[in-house]
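> Residue strings, one per chain:
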Amino acid sequence: MAAFLASLNYNAWVLPALLLIPTLGALIVWAHGVVVGQGDAASRTARRLTFAILVFEFLVSMGLWWSLDVRVADWQAGFDRPWIDAWGARFSLGVDGLSVMMVLLTTFLMPLAILGGWTSIRSKVHGYHALMLLLTTGMLGVFVARDLFLFYVMWEVMLVPMYFIIGIWGGERRIYASLKFFIYTMVGSLLMLVAIVYLGVQAGGASGRPNFDYDAIVAVASQSSAGSFWLFGAFFLAFAVKVPMFPFHTWLPDAHVEAPTAGSVILAGILLKLGTYGFLRVALPFFPAVAMDPTVRTAIIALAVIGVVYGSLVALVQPDIKKLVAYSSVAHLGFVMLGIFALTVESVQGALMVMIGHGLSTGALFLLVGIIYERTHTRLIDHYGGIAKVVPLFATILTVVALSSIGLPGTNGFVAEFLVMVGAYRTYPVFTVVSATGVVLAAAYLLWALQRMIYNKLDNPQMAALRDLNWREFGLLVPILAGILWMGVYPKPVLDRMEASVQRLVETVGAQRSVAQRAPGESGGR
Amino acid sequence: MMHPGWLQTQGEALALDLTKPLHLTLAIAPDLVLVAGAMMLLLYAAWSPESAQHSRRVALGSMVVALLTLVAVLGFGAAGFVAGPGPVAVDGFRWTSDVIFLLATIIVIGLSMEYNAREGIVTPEAHVLVLFATVGMMLMAAARDLMVLFLGIETMSIAVYVLVGLNRRQARSAEGALKYFLLGAFSTAFLLYGIALVYGATGATNLSVIGGRIAALALGDSPMLLVGVALLLVGFGFKLAAAPFHMWAPDVYEGAPTPITAYMAAGVKAAAFAAFLRVWIEAFGHIYTAWHDALWWLAAATMVVGNLVALQQRNIKRMLAYSSIGHTGFLLVAVTAATPQATSAFLFYLLAYTLATMGAFAIIIGLGSTESPRERIEDFHGLWFERPGLAIAMTVFMLAMLGFPVFGGMGFFAKWYVLQAAIDAPAPQVRLAVLLVLATTISAGYYLYVVMVMFMKPRPEGAPALPSVSPLSRAVIVGSAALLLVFGLFPDPVVRWARAGTGVMPGMPSAAAIPSPAVTGSPAPTGTSR
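Just so you know, the sequences run in chain order A and H. Per my numbering, residue 1 is the first one in the first sequence, and the count goes up by one each step. Per my numbering, residue 1 is the first one in the second sequence, and the count goes up by one each step.
One or more hints might be untrue.
[As the list claims (entries may be wrong)] Sample of chain H residues lacking proximity to chain A, with all beta carbon distances greater than 10 Å (derived):
#: 1; residue: K20
#: 2; residue: Y44
#: 3; residue: L74
#: 4; residue: L151
#: 5; residue: E154
#: 6; residue: I158
#: 7; residue: F186
#: 8; residue: G203
#: 9; residue: L231
#: 10; residue: L466
#: 11; residue: A475
[What the hints assert, rightly or not] With a Cα cut of at most 25 Å, we get these calculated SDA-like pairs of lysine to any residue:
#: 12; chain 1: H; residue 1: K179; chain 2: H; residue 2: L311
#: 13; chain 1: A; residue 1: K180; chain 2: A; residue 2: L313
#: 14; chain 1: H; residue 1: K457; chain 2: A; residue 2: E172
#: 15; chain 1: H; residue 1: K457; chain 2: A; residue 2: R122
#: 16; chain 1: A; residue 1: K323; chain 2: A; residue 2: V440
#: 17; chain 1: H; residue 1: K457; chain 2: A; residue 2: L159
#: 18; chain 1: A; residue 1: K180; chain 2: H; residue 2: Y449
#: 19; chain 1: H; residue 1: K457; chain 2: A; residue 2: G37
#: 20; chain 1: H; residue 1: K179; chain 2: H; residue 2: R376
#: 21; chain 1: A; residue 1: K180; chain 2: H; residue 2: K457
#: 22; chain 1: H; residue 1: K457; chain 2: A; residue 2: T378
#: 23; chain 1: H; residue 1: K457; chain 2: H; residue 2: G445
#: 24; chain 1: A; residue 1: K180; chain 2: H; residue 2: R376
#: 25; chain 1: H; residue 1: K457; chain 2: A; residue 2: Y176
#: 26; chain 1: A; residue 1: K180; chain 2: H; residue 2: V304
#: 27; chain 1: H; residue 1: K457; chain 2: A; residue 2: Q38
#: 28; chain 1: H; residue 1: K457; chain 2: A; residue 2: G39
#: 29; chain 1: H; residue 1: K457; chain 2: A; residue 2: W118
#: 30; chain 1: H; residue 1: K457; chain 2: A; residue 2: I183
#: 31; chain 1: A; residue 1: K323; chain 2: A; residue 2: A302
#: 32; chain 1: H; residue 1: K457; chain 2: H; residue 2: P373
#: 33; chain 1: A; residue 1: K180; chain 2: H; residue 2: I442
#: 34; chain 1: A; residue 1: K180; chain 2: H; residue 2: V309
#: 35; chain 1: H; residue 1: K457; chain 2: A; residue 2: E374
#: 36; chain 1: H; residue 1: K457; chain 2: A; residue 2: D40
#: 37; chain 1: A; residue 1: K389; chain 2: A; residue 2: H377
#: 38; chain 1: A; residue 1: K180; chain 2: H; residue 2: Q313
#: 39; chain 1: A; residue 1: K180; chain 2: H; residue 2: I377
#: 40; chain 1: H; residue 1: K457; chain 2: A; residue 2: T119
In short, the hints are calculated from the structure, not lab data. Quick reminder that beta carbons are idealized off the backbone N, C-alpha and C, glycines included.
Using the sequences provided together with the hints, build the complete structure.
Structure follows, in structure tokens:
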């Protein structure tokens, strides 16, 4: 396979192609709506077209699995063109072990998300799908950007489609939720903008032209200076809002609950990962001295663990299943943050595995909730009252997915959380033990919800006539289930793809820490 | 390029000696084209009795004159004239600013053609007055002498006073005109007094002579000079509508005919800024430390006040008025940085802002009718369901003003450029940059509100059908949106164009003139800003 891809010169064009396909697709879908109109037949075409584009996108991206050299820690599949000469901004792309699985997760989830909204999106179908495609470009752009200017642009590009998707096709309180989502994210990211400009100017040095190249900025930024703390703070805020870390999480339940199904899937599955990815890609390598400062590090880990416990406890008392899943995301992302800042190879790999696993299992949970909501128009757990007999297939899949979210051995959740805990125990034993209660609580809230939803005695007569999954719904859940089981049983290929980059990250950041501790005030470059 | 015999070449460029009348005439030739055209149109306007048709003819004539002037300006800019000391500047900054003014003028005449016809304003002189105001603006951008500057300001202001009160039948229009006139006269007094004091301290009205004497005679501590500078700052503050001198703006913007509001928000403000920048850098660049703090606070207060008060507005013209005050604050950040890069950032920002403003006002004009002007934000509810194209265009303009990448096109790069200029300055304005982004976040509240009501609120029941947008307005809307979006992906040509407009400004404060921040590389700004 690798030889075949090499013969196509795959690595040279794949990343720009991945950004171009959905962008052009969005234009085509939108133009189709303008030219043909918004009738039923046209809407059907728009759906199919979008689905086909995103499947194609996934197939194109699959090559990355084979084409990348797993032993190389550095950027691969690079693509570099000048963009805005005067400001030193370049259109520079690349992937490494930290981002390649995120790219694949994105391209994998997007077509499934489109299938998830197949019948529930009824108005302005063209606009919805065009926005979905633009959103894909934005998310992939963040994952593959090697130029901080491009990174920022892509970071903001995601925001507008999501704002409209929540605000137009969302639930009752969609306007409030979408505005809150937008403003929260923007407050964080604008300060990051100042920090990026500042670093770019610094990296440009005497040339008089800023330089936003990732490696150049790492070289400048990682030499600690008096301002490092504030710069780190700016990035921290942007990413912590996105993750979201406690106490910046309050936008999340609103946005997740009000978004249409596909919106929730993407929010939970991918958008949140952009925050943790930002920590791995930007905040840690740029400011190792600040991030590894014992006070800062302990504070962040404490917030992460608070997020785990708090998210689980709040999830426990939610009457609304969608809100329950939303709060469980806060808890899972707390695990990711714990893994990242514990900074051992296992814990960071575990964090990346949680990111992928959470993308799959929470994505599937939102899809399942969407499926049942479409039939019953209720999300209150007590309203279902034991529907396993009526919809056995649905109940089975929901159970499997919930178990993977809890972290049952044999599913991806177990591998991921186990790795985080094993890794984090070495650096932060107390916090790790506290965070383990999150796993217990996860079992509590999910199993309790499962019991009330599907395994109790059926006491709501309205639910007696529910239809079970149809072929479309079943078909879209099967790939996710396969992923969940595969990563639970044989995660090695995935871990291999991360290992080299993670190792390097842990070493460089960790080395900086020891330098900073040995000789405070005279820490040198990398 | 052919070199006439009486011109001396200086390197590649054509050097003008402004002490010779002929050379001076050549230096203001584009302005003269506009003056001559405006005069002839004024005569022509008086030729036949007032009627809608005659008014339309005069409007077309005015657009042609403005277009010819634009061609002349572009020609002069391309020819690369340079000039020695004199009352007017011959440099890229002037030509670049002129392009922005003329662009705004042409758009505004196009918009008022339709607006005036609809509102029954048949005075053909209205269009000629816009040309005269533009003459004033071009003089302001050219002025290198405080007297010429004053001439330009007055020419522009008097024409605009009349334009604001054009709609005589409306009480609000008259109120706005009177308010603008009184406060304008008031601020002119400040300006004049400031000019007098500066003249008293330095014995000159020419900007470069003033700058030279301040440096040579070490006048930095002269109380007379400092009071003069302060009075000039107040005078300019009024013209720019910078907080706390902004009180007149919302009432005037709301009362004026909508195309004139657009003209004031874009053109008049741009002209005031161009003059302000030149005076401040060229004449007072040597006493940067004396005015830095004042300008810092002016910028900070303007950004915060403009954007905060805009949040409460429910009339879209008033909202845009306050938002334009907010943009004044952003532009003042560039002036505070006072570097060549800041100057090009300033020009870039002005262009982006002008396009977005013109587009937004064109939509407001296009949606209004005599019976219902549709100036409240409720009138935009559910616009997407009836006019998807207009709603999308309005979103582009709002996001451009918000400074959002890709979807807001150039607007993002404008903010980026100002930020970069502020941080890259010898005295990094990091705190001001942070304030700028925080103010931007506040502005998201009202720009997004407009977007939100257009897309997410239902069309009110029983709302009268929207009129169809007339072709000229549509051309303005489509044109500005397209330019914003295209340059929002490939801003390089505009950056080069804005850079051509800099590198002038002899008095640009050098790194030595500015106290460097205590810790180099620290994001904390200069100690002076505390």
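> Given the hint that H/K457 pairs with A/I183, does the C-alpha gap stay at or below 25 Å?
holds, 19 Å
> Is the Cα-Cα distance between A/K389 and A/H377 25 Å or less?
This hinted pair holds, its Cα atoms lying about 19 Å apart.
> Does the alpha-carbon distance linking H/K457 and A/E374 stay inside the 25 Å limit?
Holds: H/K457 and A/E374 sit about 23 Å apart, inside 25 Å.
> Take the C-alpha atoms of H/K457 and A/T119, compute the straight-line distance between them, and say whether it is at most 25 Å.
OK: H/K457 and A/T119 at ~23 Å, within 25 Å.
> Between H/K457 and A/T378, is the straight-line Cα distance small enough, at 25 Å or below?
holds, 24 Å
> Check the non-interface label on H/L74: least C-beta distance to chain A beyond 10 Å or not.
holds, 21 Å
> Within 25 Å, alpha carbon to alpha carbon, are A/K180 and H/I377?
holds, 20 Å
> Within a Cα-Cα threshold of 25 Å, do H/K457 and A/Q38 meet the stated pairing?
This hinted pair holds, its Cα atoms lying about 20 Å apart.
> Please verify whether H/K457 and A/W118 have alpha carbons no more than 25 Å apart.
Holds: H/K457 and A/W118 sit about 24 Å apart, inside 25 Å.
> What's the verdict on A/K180 and H/Q313, does the C-alpha distance respect the 25 Å limit or exceed it?
The hint holds at about 20 Å.
> At 10 Å, judged by beta carbons, does H/I158 keep clear of chain A as stated?
The claim holds: H/I158 sits with its nearest Cβ about 40 Å from chain A, beyond 10 Å.
> Does the alpha-carbon distance linking H/K457 and A/G37 stay inside the 25 Å limit?
holds, 22 Å
Consistency note: the structure conflicts with none of the earlier hints.
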